[in-house]
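**Q** Line by line, the protein sequences are chains A and B.
Residues 0 to 398 in numbering that gives the first Met the number 0 are what the first sequence spells out, letter by letter.
Residues 0 to 311 in numbering that gives the first Met the number 0 are what the second sequence spells out, letter by letter.
No lab work stands behind these hints, which were simulated from the structure alone.
Check the hints yourself; a few may be wrong.
Cross-link-like lysine to any residue pairs, in silico, SDA-like; alpha carbons within 25 Å at most [what the hints assert, rightly or not]:
hint, chain 1, residue 1, chain 2, residue 2
1, A, Lys-381, B, Leu-31
2, A, Lys-398, B, Ala-67
3, A, Lys-191, B, Asp-78
4, A, Lys-398, B, Ser-70
5, A, Lys-14, A, Asn-327
6, A, Lys-233, B, Ile-137
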Amino acid sequence: MWYLSGEPNQTTMQKAVDAFGSANPDNKVAVTYFQNDAYKTKIKTAIGAGQAPTIIYGWGGGTLKTYAEAKQVEDLTSWLAENPDLKDKFFPASFGAATVNGKVYALPNQYVAPIVLFYNKELFEKAGAQPPKTWDDVMSLVKTFNDMGVAPFSLGGQSRWTSMMWLEYLLDRIGGAEVFKAIFEGKPNAWKDPAVIETGTKIQELVSADGFIKGFSSIAADSNADQALLFTGKAAMMLHGSWTYGAMKKGGQNFVQDGKLGFVQFPIVAGGKGDPKNGVGNPAQYMSISSKATEKEKETAKKFFKDGILTDTVIDTYINSGSVPIVNGIEDKLNTSPDKDFLNFVYDLAKNAPDFQQSWDQALSPTAAEALLNNIDQLFLKSITPQQFAENMNATLGK
Amino acid sequence: MSNAVSTAPKTEAATRSAAVKSGQRDKALAWLTVPALFFFVVFAVVPLAGVLILSFASWDGIGAIGSAGLSNWFSVLADPGLYNALGLTFLIMIASWLVQTPISLLLGVFTAGSQRYRAALAVLYFLPLLLSSAAVAIAFKALLDPNFGLATGLGLPFLAQDWLGVPHLAVGLVIFVIAWQFVPFHTLIYQGGVRQIPKSLYEAAEIDGAGIVKQFFHITLPQLKYTIITSSTLMVVGSLTYFDLIFVLTGGGPGNSTRILALDMYLRGFRANLMGPASVIAVILVLIGLALALFLQRLGGQDKQGSQLEGM
Numbered sequence: 000m001w002y003l004s005g006e007p008n009q010t011t012m013q014k015a016v017d018a019f020g021s022a023n024p025d026n027k028v029a030v031t032y033f034q035n036d037a038y039k040t041k042i043k044t045a046i047g048a049g050q051a052p053t054i055i056y057g058w059g060g061g062t063l064k065t066y067a068e069a070k071q072v073e074d075l076t077s078w079l080a081e082n083p084d085l086k087d088k089f090f091p092a093s094f095g096a097a098t099v100n101g102k103v104y105a106l107p108n109q110y111v112a113p114i115v116l117f118y119n120k121e122l123f124e125k126a127g128a129q130p131p132k133t134w135d136d137v138m139s140l141v142k143t144f145n146d147m148g149v150a151p152f153s154l155g156g157q158s159r160w161t162s163m164m165w166l167e168y169l170l171d172r173i174g175g176a177e178v179f180k181a182i183f184e185g186k187p188n189a190w191k192d193p194a195v196i197e198t199g200t201k202i203q204e205l206v207s208a209d210g211f212i213k214g215f216s217s218i219a220a221d222s223n224a225d226q227a228l229l230f231t232g233k234a235a236m237m238l239h240g241s242w243t244y245g246a247m248k249k250g251g252q253n254f255v256q257d258g259k260l261g262f263v264q265f266p267i268v269a270g271g272k273g274d275p276k277n278g279v280g281n282p283a284q285y286m287s288i289s290s291k292a293t294e295k296e297k298e299t300a301k302k303f304f305k306d307g308i309l310t311d312t313v314i315d316t317y318i319n320s321g322s323v324p325i326v327n328g329i330e331d332k333l334n335t336s337p338d339k340d341f342l343n344f345v346y347d348l349a350k351n352a353p354d355f356q357q358s359w360d361q362a363l364s365p366t367a368a369e370a371l372l373n374n375i376d377q378l379f380l381k382s383i384t385p386q387q388f389a390e391n392m393n394a395t396l397g398k
Numbered sequence: 000m001s002n003a004v005s006t007a008p009k010t011e012a013a014t015r016s017a018a019v020k021s022g023q024r025d026k027a028l029a030w031l032t033v034p035a036l037f038f039f040v041v042f043a044v045v046p047l048a049g050v051l052i053l054s055f056a057s058w059d060g061i062g063a064i065g066s067a068g069l070s071n072w073f074s075v076l077a078d079p080g081l082y083n084a085l086g087l088t089f090l091i092m093i094a095s096w097l098v099q100t101p102i103s104l105l106l107g108v109f110t111a112g113s114q115r116y117r118a119a120l121a122v123l124y125f126l127p128l129l130l131s132s133a134a135v136a137i138a139f140k141a142l143l144d145p146n147f148g149l150a151t152g153l154g155l156p157f158l159a160q161d162w163l164g165v166p167h168l169a170v171g172l173v174i175f176v177i178a179w180q181f182v183p184f185h186t187l188i189y190q191g192g193v194r195q196i197p198k199s200l201y202e203a204a205e206i207d208g209a210g211i212v213k214q215f216f217h218i219t220l221p222q223l224k225y226t227i228i229t230s231s232t233l234m235v236v237g238s239l240t241y242f243d244l245i246f247v248l249t250g251g252g253p254g255n256s257t258r259i260l261a262l263d264m265y266l267r268g269f270r271a272n273l274m275g276p277a278s279v280i281a282v283i284l285v286l287i288g289l290a291l292a293l294f295l296q297r298l299g300g301q302d303k304q305g306s307q308l309e310g311m
């Protein structure tokens, strides 16, 4: 199987694979690691060329749909029905993005990863400010921090999906979850919703007010420079996936351990329709089995899915690294963890969200997702207007 | 560039008898081209045909291949993104030539000489040649990071520009990094060319009272005519494929400001899963490359076999 490089997950996966290998010497699993952005391209090419690894790691949604429609991944529906224990182990909501036309093509695993607004508590104390509750707070904090000589928001804009997280939340807060649902279903003119235009306008206002760190469009999230800006105090806030908590704990020189990392839900927008409890992010990560693999490889993969991925040790490792695994009945474990504040925050966010929207670039088809990321990049650079953004995206509906 | 020497002094008679001999040998020698021809067909002609066929197909790279007729061509040719990419490709091509040719020519002349420390300096000049494009791009990206890069490290605030985040700066930077990487290679070509120029020409010029500048313009430059054409061909055609460096450095961004044709092809094909339109761009790239190479060969004049050492 192929997996993503980067700590702490790489070590966790390696340990899980090693443990499975020593328990099943005849059915070992070999892992190769790739950087996130590079992996997304490589796996597609490999599948197209019939060279896919047995276990295909991914984020479900639109990409999984292309694989399933091309019959490149195994249908796991009946296998899961034979193994109800396994199916009941996971959060029911995590199966949504693994399901294509009523059939399950991937096994959810790892952890739920909502997008969270992180902030540097030290800088907020210095400024005598409170984390933002509304969009107006955001705009006034931008001024406060710029006056202090600190960038208000860190952003790894070159990766583009990082900028996309802003749109996901803003569109939800302004127009509610229905707007993207319509886009997802490919309804005519779904991108031309006034909420999309307002989202784009608000983004460009934030960019114009120097809301993001200087040079954000040349910072790539793969290098974790965006996180470094937050924990070195060069930026006050950062909107990012909950997985960065573990990475900052590991790489941030006691920034997390000393309790300097704050986290809140995305602020509300005055007059917006969205439920402030709504979340966006990755409901889980997913693993599928390549239909090109041999029977023996498939058996090994299924055995690994059953006994190897989310074992108690692995669950504990995830919790220790600051992630919420997608398994039921972990409340006690979360409460005894040193990171219990953050873990419970994420757990509650994921559990109580009336709507948990999967990341757009994963939910949409690869063609629409690439157009989306390209247009978001231009929107943040102000080289297109929100109206042009809506029109460009509207042309990709149904593709 | 080797023409200049390979057909060195020969009398007319010698040339004629050589032509007769080579006519007999040609048939036997033709067989020697078979291995090269085989590789050319397998690795160049077959993929080219494949791309041509794909440009009329709809394929997402994963599922089944369907026919698309001319729709890929229409959609690509109507896309303003294509013209943006084309314009950028030519901009980078011309700017690269203008920047690299004078620098590598002068460096080549310098390293061909026999000054003190020349060898030590030459080694330094050639260092970038040893690095892979991806490594060069990653290094420059880290050095130019506006928050953690060289500017902060050395305390040079004027360097703290958002080099890769502002469209026109990013284009300029791409041209600079390409030059940094490829100047050594072209320097090497010019060095070789300069060393082939007979010393007697310079001695004669010196006797006639020509200074270094005059010698450069009246002997070195004309003698390097074919070297310049070779180097320019490599530069111009090569600039169509500056993909790896730009891909790692900017990924085509910010926005579309460094999305050259080769990158546009890759992003369409492998990111957006639109293999058909990507193949259309590939065909366009091949056509442009062929046209440019032919044009530059023409520039070299018809008498390709003519010697520049006539009368020596």
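**Q** Hint by hint, note whether the structure agrees.
**A** Results of checking the hints against the structure:
1. A:Lys-381 - B:Leu-31: violated (59 Å)
2. A:Lys-398 - B:Ala-67: Holds, at roughly 15 Å.
3. A:Lys-191 - B:Asp-78: Distance of about 21 Å is within 25 Å: holds.
4. A:Lys-398 - B:Ser-70: holds (15 Å)
5. A:Lys-14 - A:Asn-327: holds (22 Å)
6. A:Lys-233 - B:Ile-137: Given pair Lys-233 (chain A), Ile-137 (chain B) holds - Cα atoms ~23 Å apart, limit 25 Å.
Of the numbered hints stated above, the single one contradicted by the structure is hint 1.
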